[in-house]
Amino acid sequence: METPRTTPSTSLALCYTSPRRTCPYRRTPRQRRLAGPKLSTSPVSSGRLRRSPVTQNVEKPGALPGLTNKTWQVLYLSPLYKFSTQPQALKQYGRSLATFLVQEADKEIAVDNGCTKQCVFSVYEGLRVNAADPEAIQILVTTKATNGNKKTNGGQVLLTAVLCGIDLESNPCTGLKKHFTYYPILLVKSRVTLSALLKSWLQRHFDCRISPLMPTSMDLAWMVAMWSGTLAERKNKPVELLYSVPEECEGLSRITYTINAEDCKTLWDSIRSKGSDDFTGEEVGAFVKSLEEHFYECFKVKLWKMELRRVGTPLAYIGDGKVKIFSPENAWQVLRLLSELALEQFQLLATT
Amino acid sequence: MSTKKSDRRKRTLEEAVRYFSKCKSKVVVRGNVELQMSLETVKSAAEESGLDPQHITALLDAASSGYFAQSVSRQLIRCLIPTSQVPQEAVVKAISWMSTNKPPVAIQALLLRWILVVYDYIDGYDKLHCLYGILFLFLDSQVMMPHVCHLLFLLTRKEDVKMFRVRKLLSLIKGRVGAQACLTGLLTIYKLYYPNLVSFALPASNRMFFGSYDRKWKSQVREIVEKAASDAQGRASLSDSHNKDPKELSVSRSTQLTSRPPPRKKQRLEVPVAHSSSASTDRQETTDKFSLSVESTKVPFVRIDNFVNLLQHVEKIEFPSQIAACLRDPILQHLMAYSGDRVVTTRFTFWLQHALTEEFLNHSPTNMEENEKLLKMIVDLTDFLQEGVPVIDNFLASFLHTWNGMDYGPFIFRLISRCQMYPISDLNDLILEPLRQLYFSSSVYFKCQCLITLTELLRNYAAYECVRHKDWTAAISLDDPSSTTLKSAPSLGILFPERVNETVQPSAVLQHLTSFINKLAVVGLQAEGENDLLLHVVVNYISVLSSLTEHPGVEHIILPCPHLVRFVLFSNSAPCISRMAAAFCRYKDAFAHIPGRQRESVTAFNEMLVDVCDTLWRNKTFSNPKQGSLKALSVTVVPVLANLGVWQPSSRFSIFQGLAFLDQAWNFFRKTQPPGKKVHPNQLKTVKDAYLKFLQQQHLVGISHFIGTFITRKSSTHRSLAAE
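Chains as they are written, first to last, in the UniProt record's numbering: chain R, 1 to 352; chain P, 1 to 724.
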C-alpha cells in the first residue's frame, strides 16, 4: 500500500538505509534550488516540490553587517501573533524586553529608568530577497552606558538576534496575515541564559513556540553537496564532515573528515548536471556516497552507518543547532536553506 | 446628662446610636456614664445580632470624627458588625474620614482593617473602586501599608494597573520599606494583568502575601452574619434564597483571589499558564469575529475564576496571551469552544503543531513523562470538544508510521478514536494501514485495544462526525461557498473547520471502516485461537454496529460479516452468544424503524438470522435445506464431524446441548433435579420455558429475548403445560 510519505529518491534511499541517518518523519524534497533568486525567466519544470518562480521585484541582498563570521544559534519558530514592524511597536518591544531581561536575569527589581540593559528592535536591511519575505528584525541587547554619556553608545553587546525568513516557498499563515507574522528562523548569539530569556519573552508576547533547529544528517548532506561547488576566491576553507561514532565503539567518539575544497569542487563538477538551477536528491546521494566510499577504501570505516553531525562547507559551518556563515555574498543562500528547513520542520504536520 | 440610676436600666440601641451621633464636640470619657452605657448597649447588640446598615453608618461617623477618645473609637469600630450587609456608603465614609486626617493614624489603620474584615459583606464595590487612587496614597504610611496593599489587591482591576503605580511600588520596595510581602503581593496581581509592565521575577513562594490579621474579628462577623442569614431563611426561605447567590459569589471572589495558586514550577515542556495579554500600543482589531457588544472594555481572562464569572462576561473576555493555556484550564476551553474564533484556534493550532513536531517527531523522545502529560491534556481537550483536531490527526498520521505500539499507548488509542472523518483512501493510509501492521505483529492485548479503538472510532463517526458533516454540507449548499467558511463554522459546532472535507461520503466511510474491522477481527480470532478477551471485544463491536442507526446521522444499516457471526455462534462462551443475540434483536428494531431499507442487507441479515435460529434453537445447524448460509458449509463440515464420531452434529451447538451452555445446563439440573439422578441435556427440550427463565436469571438475557423475538412457538404453550 502506498504510504503518503514520499520515500527519498532511490539513490538516497540506498545510501541512507541506516535508521540513524534518516529522520523517519521528514520528507526530503526531490530537489532544492541551488542558484540565487532568479527572475521569473528561468524555466520552471513541473514538480510538487519545485520552488515557485520568484516575483519580479527582487531586492538585491546587500551588505550584511555583523552577520558573517559569527557562530549563531539557530532556532525555529511558530508564527508570531500580533507582531508588528511599526517603529512605535518596535520601540515598545525594546522597552518591554529590557525590563523583562533586567528583572529576570539580575533577579532584582528595577525601576524603568534604572535599567542596566538596553534593548533595541530594528529592521535589519539587506536580508529581504523576495517581496513576500517578512522584514528581518534585529534585536540588540547592550549594557547601558553607566556614565550617562549616550554618544559613546552604550557598552558591551550582550545579545544579538536576527529574526528572518528568506525567499519562503509557502507561508503557513496564508489568509491570516493580518494577525500573524511568520519568521521561520531566529539567529541568536549570546550567553545561554540570556537567549533563553529572550526565547521566553518572545513566546509569551507573541504566543509562539521556539525550539532549536537541528538539521538532520540528511539536511547536512544536502548542504555539503550543494555548497561544495561554490568556492570563495581568496581563502578556500576545506570541506569538513563530522560524524559521531555509535556508542558501541569504545575509545572513539567522533570522526572528522576533511577534504580539500578544490578536490571537492572537482568531484562536484563531475556529478552536477549542468544548466539546471536545481540540485536533485540523486546528486546529493551520489556526492556524499562517493565521499564516504572513498573514506571506506582508505580506512575501512563505513561512514554511512554513522550520524553526520556537523559540516563545514566553503559557505558556512553548520551543525548541532549552530551556524557560522563565512561570506556576506552567500549568506542569503545559507539562510534560505535554513528557512526552508525550518518551514519543512514546522509544516511536517500540516501537509499530510 | 441623665442620672445614673435611670440609665442602669436597659437602654435601647436606638438611643445609644442617637447619643453617639449627636456628639459634636470633644467628649470626656472619665466619669461619663452615659457614654459608657451607650457603648455597652451598642457592644452587646452588635455581638448578639449585628447592626443595621444605618446604625453602622452613624456609628462609623462618630468613631472616626475624632470627638471621642481613641479607646472609645476603637471599641466602636470593633463592634461595627453587620447583620447582613455593610452599606458601601459607610466604607466610602470611612475612607473620607481617613483622608481628612482627623482621626489618629491608629484609628485610620483600624478602619482599614475593618473594611478588610467586612469586605465580603459590602453591598457594592463600584464607588469604593473609584477611590482606588486615593487609597493608593495611603501606602506612604508604614502603619497602614499592609492593609492598604491588601485592600488594593482586592480592588485591583486591569485598568488600575498604571506605570506610575508600579513605579511607586518599586520605589517603596527599593526605599526604606524593603520588599515586604504585601507589596510583592500587590505587584503580583499587577503582573497578572500586565506582565510587560511588571516584568520581573517575583519571589515564587507559597507564602501568604497578606498576613492574616483579625482572624477572631472575621470569624465573629461571619458567625453573626450566618446566624442572621439562617434566622432570616427560617422566616422566609423563598425570598431569601434569591438573595443568597450574589453573596456567595462575592465570598468566592475575594477568597479565590487571595489564594490564587503560585506560579507553577518551570517545566521543560512548558504548557503555558494563562496570563493576561500584553498591552498593545495600537487598538487594532485582533480577531476576525465581529463583536456585537457595544461595551469595548475587555475583561482579562485572569479575572475569570469560576464558571459563573465566565457566563457574566462571556462576550468581553480578553484571551490570555498564550492560548495553549487552555490545555490546563477547563474554563478557557469553554471560552474557546464558545467563541469559535478562527484566530484563536489558529494560534492554538500553531502552538500545538510546533510542540508536537518538536517533542515527538524530531528527536528520539527524551522526556516521556512530560510528553505523556501533554498527550493527556490533549486527550482531555478532545474529550471536551467531542471533535477531532486536525493538527492532532496529522500528528497521528506521522506518528503511527513509526509507532512501536507501546509508547503512550492509551493516549494514542484515545486520540485515534477521536479522529476526524477523512476520505476512505486518506483514512486508510494515515490511520488504518499503520494500525493493521501493528495489529498483526502484536500480542492479543494489543489486538483487543486496537479493535476497541476502531469500534470507538466507528461510534464516534456515527454519533458526531456524520451529523457534523451533514450540517456542514447543508450549510455550504445553502450559502454561496465563498462566504460560509468563517461565519457558520462555530454555529455548527465545528471549532476547526479547515479540514471539513466536502468530498467525504459518510456512509461510504462507515462501510469501509466496518469491513476493515471485520477483516481484522476475523483474522485476529483465527490467529489467537478464539481468545476469550478478543471474542468479547468482537461481540462488543457487533453490538455497537447494531445500534449505529440510533444516531441521527446514520442512514444505512451496517451488518457484521457472517464469518464473525459464525465465530461467535460456535464459540464456547455463552455470554458472548447471548450478547450477540441481543444485538440481533436490536437489528430487528433498526430494520423496523429505518425508512428506506435495502433489500440486500435484509436478505443478508435474514441469512444470518436463520443460521442463529437453526443453531441455537431448531437443531438444524447444518441440515436446513432451504435457507441459511450454513447449508453451503454442511457439505464439508458434516462428513468431518461424522468421521470424528460426533452424533447429531445439527443439534450440537444449541442452547440445550451446546458446549457453551453445558455449564448452564448442569447448573439447571442441579437446581431442579434431586441429587444422584441421571440426567442428559436432551431432557431440557421438555422444559424449554423453565430453562429459558433460568438462563435469564443467569444474566443471559439476550437468549430469551432473541427466542421471544424471532421464534414463533405455536406449540410452546401446550408443550410446557404438558411438561408441568
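In short, the hints are calculated from the structure, not lab data. Glycine included, C-beta positions come from ideal geometry on N, C-alpha and C. There's no promise every hint is true.
Said to hold, decoys possible - Quick list of in silico lysine to any residue cross-link-like pairs, SDA-like style, CA-CA up to 25 angstroms:
| id | chain 1 | residue 1 | chain 2 | residue 2 |
| --- | --- | --- | --- | --- |
| 1 | R | Lys178 | P | Asp123 |
| 2 | P | Lys298 | P | Ser339 |
| 3 | P | Lys158 | P | Val105 |
| 4 | P | Lys298 | R | Lys305 |
| 5 | R | Lys305 | P | Asp123 |
Stated by the list, open to error - Simulated restraints, written as ranges between beta carbons of each label pair:
| id | chain 1 | residue 1 | chain 2 | residue 2 | range |
| --- | --- | --- | --- | --- | --- |
| 6 | R | Ser170 | P | Val314 | 35 to 45 angstroms |
| 7 | R | Thr85 | P | Gly133 | 32 to 42 angstroms |
| 8 | R | Lys178 | P | Ala592 | 26 to 36 angstroms |
| 9 | R | Lys178 | P | Tyr125 | 49 to 59 angstroms |
Q | Violating hint indices (sorted, rising) | A | 1, 3, 4, 5, 8 and 9
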